[in-house]
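Student: Sequence:
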Amino acid sequence: MIYKSKIGDIDLAKLTRLYPAAVVEMQGEVAEMSLEWIEMNEDKVNLKEYILVFDFTPLKEEIKDKKVLHFETKDELIQTMTEVAQFFQD
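FYI, the working numbering numbers position 72 of the sequence shown as 72, with every residue one higher than the one before it.
Each hint should be verified, as a subset may be incorrect.
[To be verified] Derived Cβ-Cβ restraints for the label pairs, each shown as a range:
hint: 1; residue 1: D11; residue 2: I78; range: 21 to 29 Å
hint: 2; residue 1: E42; residue 2: D11; range: 30 to 38 Å
hint: 3; residue 1: Q86; residue 2: K44; range: 34 to 42 Å
hint: 4; residue 1: Q27; residue 2: H70; range: 19 to 27 Å
hint: 5; residue 1: I2; residue 2: K44; range: 34 to 42 Å
hint: 6; residue 1: D11; residue 2: D43; range: 34 to 42 Å
hint: 7; residue 1: G28; residue 2: Q86; range: 36 to 44 Å
hint: 8; residue 1: S34; residue 2: E83; range: 16 to 24 Å
hint: 9; residue 1: F88; residue 2: K66; range: 17 to 25 Å
To be clear, the hints were calculated from the coordinates, so they are not data collected in a lab.
If you're wondering where the values come from, they're calculated on a predicted model, not measured in any experiment.
We put the CB at the ideal spot given by N, CA and C, even for glycine.
Working from the sequences, and respecting the hints, build out all of it.
Tutor: Structure below.
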């Protein structure tokens, strides 16, 4: 299962986790937060971008193996999530 993304081919068969997030800045710190969190705290932080994280890191491994797609809007993120979800349906 290969997803052809704007950053290259992503082998979905090797995924351990797939998750969306929002990158925010608050008091000079930058962090990834859940979409639910950003909806509840939108007025308190500076939203930098949305991301979709493809995590290939085996369980209990310390060295992270991730690919990240970056989006300016939540709609772009949702559209890509919908495309990726098609690979997991029968």
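Student: Each hint: holds or not?
Tutor: Right, here's what the structure says about each hint:
no.	hint	result
1	D11 with I78: 21 to 29 Å	holds (23 Å)
2	E42 with D11: 30 to 38 Å	holds (34 Å)
3	Q86 with K44: 34 to 42 Å	holds (35 Å)
4	Q27 with H70: 19 to 27 Å	holds (23 Å)
5	I2 with K44: 34 to 42 Å	holds (39 Å)
6	D11 with D43: 34 to 42 Å	holds (39 Å)
7	G28 with Q86: 36 to 44 Å	holds (39 Å)
8	S34 with E83: 16 to 24 Å	holds (21 Å)
9	F88 with K66: 17 to 25 Å	holds (19 Å)
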